[in-house]
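Kindly produce the complete structure, drawing on both the sequences and the hints.
Here are the chains, one letter per residue:
Protein chains: 4
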Amino acid sequence: MIVIMRHKATDDEIDAVVLRLENIGYQIHLSRGVERTIIGAIGNKTPGDVGLEAMPSVEKVVPILQPYKLASRTFQEEGTLIRVGGVEIGGDTIHVIAGPCAVESKEQLMEAASIVRSSGATMLRGGAYKPRTSPYSFQGLEEEGLKLLAEAREATGLLIVTEVMDARTLPLVAEYADIVQVGARNMQNFSLLREVAKVDKPVVLKRGPSAAIEEWLMAAEHIMAGGNYNVILCERGIRSFESYTRNTLDLTAVPVVKHLSHLPVFVDPSHAIGKWRYVPAMAKAAIAAGADGVMIEMHPNPAEALSDGAQSLTPNNFVNLMSDLKKMAGVVGRKMP
Amino acid sequence: MIVIMRHKATDDEIDAVVLRLENIGYQIHLSRGVERTIIGAIGNKTPGDVGLEAMPSVEKVVPILQPYKLASRTFQEEGTLIRVGGVEIGGDTIHVIAGPCAVESKEQLMEAASIVRSSGATMLRGGAYKPRTSPYSFQGLEEEGLKLLAEAREATGLLIVTEVMDARTLPLVAEYADIVQVGARNMQNFSLLREVAKVDKPVVLKRGPSAAIEEWLMAAEHIMAGGNYNVILCERGIRSFESYTRNTLDLTAVPVVKHLSHLPVFVDPSHAIGKWRYVPAMAKAAIAAGADGVMIEMHPNPAEALSDGAQSLTPNNFVNLMSDLKKMAGVVGRKMP
Amino acid sequence: MIVIMRHKATDDEIDAVVLRLENIGYQIHLSRGVERTIIGAIGNKTPGDVGLEAMPSVEKVVPILQPYKLASRTFQEEGTLIRVGGVEIGGDTIHVIAGPCAVESKEQLMEAASIVRSSGATMLRGGAYKPRTSPYSFQGLEEEGLKLLAEAREATGLLIVTEVMDARTLPLVAEYADIVQVGARNMQNFSLLREVAKVDKPVVLKRGPSAAIEEWLMAAEHIMAGGNYNVILCERGIRSFESYTRNTLDLTAVPVVKHLSHLPVFVDPSHAIGKWRYVPAMAKAAIAAGADGVMIEMHPNPAEALSDGAQSLTPNNFVNLMSDLKKMAGVVGRKMP
Amino acid sequence: MIVIMRHKATDDEIDAVVLRLENIGYQIHLSRGVERTIIGAIGNKTPGDVGLEAMPSVEKVVPILQPYKLASRTFQEEGTLIRVGGVEIGGDTIHVIAGPCAVESKEQLMEAASIVRSSGATMLRGGAYKPRTSPYSFQGLEEEGLKLLAEAREATGLLIVTEVMDARTLPLVAEYADIVQVGARNMQNFSLLREVAKVDKPVVLKRGPSAAIEEWLMAAEHIMAGGNYNVILCERGIRSFESYTRNTLDLTAVPVVKHLSHLPVFVDPSHAIGKWRYVPAMAKAAIAAGADGVMIEMHPNPAEALSDGAQSLTPNNFVNLMSDLKKMAGVVGRKMP
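For the record, the sequence lines run as chains A, B, C and D.
Going by our numbering, the first sequence wraps up at 849, each residue one higher than the last.
Going by our numbering, the second sequence wraps up at 849, each residue one higher than the last.
Going by our numbering, the third sequence wraps up at 849, each residue one higher than the last.
Going by our numbering, the fourth sequence wraps up at 849, each residue one higher than the last.
It is possible that part of the hints are untrue.
Which copy is meant is left open, so a pair is good if it fits within one copy or across any two.
When the alpha-carbon atoms are kept at most 27 Å apart in a straight line, the in silico BS3-like pairs for lysine-lysine are as follows [unchecked claim]: (1) Lys581 / Lys520; (2) Lys581 / Lys710; (3) Lys787 / Lys618; (4) Lys787 / Lys520; (5) Lys838 / Lys572; (6) Lys787 / Lys581; (7) Lys713 / Lys659; (8) Lys787 / Lys838; (9) Lys572 / Lys659.
Derived by calculation from the structure, the hints in this document are not laboratory data.
All values derive from a computational prediction rather than experimental measurement.
The structure is reproduced here in structure tokens:
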């Protein structure tokens, strides 16, 4: 890390900082400039753990190394391939996870699953536990929903992706799901991350709406440091002042994360945008930007959906999108199953 | 709610929307304008629960009523008073919650508690379970930290405010704490909110860094709908593009929440700003803006803190601030204990 | 517009609002509900022009119609085609505007122009007047730069796109340029918009970094209302908390603007992102999302650039990108020249 | 500046960066670490002017010195006092600038001025040229408005603060105004800043809604570098995701700017918030936070205002606020005239 001292910091103040750094095991390179003294400190602590900025003589502390290690491309150069239920995520093949926001009934889910299957997607999404802004909204079918998802897998061969909201229900969710999802609002629920780290299933880690890319990678680091290396990152929009869309889809995060990390990256345009009309264009753009897959909300009848109908594609629009995505995959040198 | 139809929506499309609304129990007022048809719908559902925006003929759905009820001043005109351990929160008296970010040791906590006590503050803060961005940082003393907090209460008479991160440790936290805190990153951890709702202790609910005021009040609604009416809201900064401070303290939220809700509002300038230098000015501004109290990080030796030293006041700066806050309370017609 | 009265608004208060609205020419539909009275007001004023929210009895005013008219697809259903110097913008053909951030010298510009030409792009960008954050940075060659741009056009046949910063130099800029650019930081410089409206050249209107889509369209409306209908919108990133990239490229704005307006939309990933490494991926994504063209910074030697070298492609990277964009255009049913 | 090389940068790549830096006059300190090589470069160029980040071997460039000089407290330790028309801004006395958003008529302005005068404020605001989002809204009385402002000064002795929108009308505005205002949306209109720098009147420089504090100070630097040292900074809200208020008042910017710069700082809560109801609380908080003054919109009859009625105080509310501000000034060791 580099410590920039305040203008006119005295020798005593500089010595105090150097001493503090040496005491906790850093090697020091001191550079006294005309305007500022700069202290380079080489060692292993995270700058946030060293209370230097509490010292009035310190202007700024600049970290040099990225705070994430296991998630970094510096640590592992080649991209991570995640193999689950016969598919490979993060390789040449682009995967589509699709389905309704919430599991509502057997009929709804089976109809959705059948459309997802026949369109060429490989994974079925559907929430059994729903994080809802209002306590008065539909909260999901819970275990009953998990069972329906398992039935849909049985019937179609699709892999099941579903969200876990709570460490207490994680064993149940992990029993039914092929891939466990950590939702955007739980991205920094560190208790949950620690538990998910112990599960032997890949994890889709949604980016939090106010999470910088580095914080998102740090959340992945929590899971990896706990022993689960199969993390799929999923961009789903960040909060900005633009309110026409629900969130602002930060598609540039795709090539950025591909550069900084070896983990696969998906994009969920449905939740990011909140309006079905713009989902197909942005799903295509996600593939063009280099995503390893997309997650799409599709409902047999969006106008009757109990949750997020406004952002769900109709079966017809979804089938058209799948056809477009296949062409798009080709043009970026990839393929779809 | 009001449904604005798209320009050139046909009669059939309008009828379909009306029918959908009537079927789920809304009363309809139709207003056909030259440019747009407007449908007024009177009933009890939350607009988000009605998939109208999935219909291509619908331009926009505008809710009329606030989605929160129990937290609203429409529901309860007079401000909520929360009585706990002999103090009253939300009344004329302004309270200060102060202490270190994390409980680090008996010595550190006892020293902090003694300073907090003698300065005139009534509540001691200190984290036993710490949500940390990095898995490699100090994560808190856990139950040992809770016990030290109880000892500090014993020694000083201060009330204990500490954070719960997980439904599984809630019983333990609630056993030791006088007031349970839900942290900013858990503001929409709905599983946790549901559990906190069942506990017989007041709850400090921090505002999430990307939570709109309405979402914050909806999080309070989750707790109140579950049976716990003693919610203290705490503004602690929102995420904006300005990166000089850690977050952007949205102090205007104080009078806004006072207008929309009857719940008490505190402000935590330490976490919002992340730099101790600016904390005293903003603590004073918080009281001037109408806050019912402030939460301040103070550490016996910030430069040695294991967590958030950069934003902690020294004992000396804290004592000076307390003296300023007393004057400030007077000028807005309030008092301090 | 719809006026939502406060809970418990009295009859006198409601009458006062109705009277105020009738006096300025609105027709009124009154709907007294149990919880709230709603006043529908039909007329032509912009809600912001009516001081209703100054009345304490008014809770909220909701506009129904979009505030822009000429720029709206409701006003003109088919997309605007802009014909300039033999090219057609907004039709089937996707155009690329490329070149250095600033015109630095004859040699630099001619070399850049020659690469741009041979790669198949149709327009050359280059700043003669540079808006620079620091007064101590290179501010552009001014008229000398404009002359060099004209020479480059002469030599290559490329159309010239260059920025105007001031109403006083507009005549000069408009004399040399084929397309005049209004920069992001001038998007709400209404004096400049009014002058640009009188010029007989198409205008590239960059989106301001804190401009909502509606405000951007309102800026276009200023130009169109003044008589210049040839406005090309250009998304170039909005300000968000994510600081890894310079701004957050809001690519979803492309299909949104295509839905709301008939104007052509370009994307400038170079300025949005600020790092050359991620520009090609996002240029491709822009075309996939439906943009009518992209604007790309390319410099013969980025490391020697006087301005924005960090985001400029090398000639080699640019030529590769052009080849990718041609394939991308094909897959979305469009072509490149 | 400090240059952080990429992991595995080769010796040749490191040499190329060193050579580039030495060629443009930097002194070099090289530090080869195990994970990263760090290059310290001492010299006078702004990092943005050096295209190092265009080199693929460079990971990141970290500036050490602040890019502003004249505006910095490092350059001038004691606070700037601005003396104009018998008042002193930036000293012990807190000043209030008040009046309507726009000059609408002689009657309106005189009534407003008389209230402003009798309440103890020293300066009258009122727009003659109005930057309006819609081209169909009232655009101001222009020169006629300036004449009315001069008449109001004649009648009351108040100093006149009014906005300039265009270099072409600046001579006229400067002739009538005592203090010239540069609006938020023109904060980075560098052509205008350069002209304002040549005028012999103090300048109120509003913070742009997407301007970081450093950019705001750089805009002041533009004016100061051009010769006008009498710059009054004015915080007026930044753009965030919170849409209940028009912008988010970043009150922490007050103590931050006071720390970084010697220039006086005002706060305009009216434009920041957009709702009159919350303006008094935040005006008081501004003084508590250390502002040198506030700018308040007050209209004799807000409900009839041609512009921004929703955020204007009534005369009665304004008079009450002035009385509260006097008490507030006392408690922070300052006074009002």
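The hints, checked one at a time:
{"no.": "1", "hint": "Lys581 / Lys520", "in the structure": "between (36 Å within a copy, 16 Å between copies)"}
{"no.": "2", "hint": "Lys581 / Lys710", "in the structure": "within (19 Å within a copy, 40 Å between copies)"}
{"no.": "3", "hint": "Lys787 / Lys618", "in the structure": "within (26 Å within a copy, 49 Å between copies)"}
{"no.": "4", "hint": "Lys787 / Lys520", "in the structure": "between (55 Å within a copy, 20 Å between copies)"}
{"no.": "5", "hint": "Lys838 / Lys572", "in the structure": "neither (49 Å within a copy, 32 Å between copies)"}
{"no.": "6", "hint": "Lys787 / Lys581", "in the structure": "between (37 Å within a copy, 23 Å between copies)"}
{"no.": "7", "hint": "Lys713 / Lys659", "in the structure": "within (18 Å within a copy, 36 Å between copies)"}
{"no.": "8", "hint": "Lys787 / Lys838", "in the structure": "within (23 Å within a copy, 29 Å between copies)"}
{"no.": "9", "hint": "Lys572 / Lys659", "in the structure": "neither (54 Å within a copy, 36 Å between copies)"}
Against the hints set out earlier in the document, violations occur for numbers 5 and 9.
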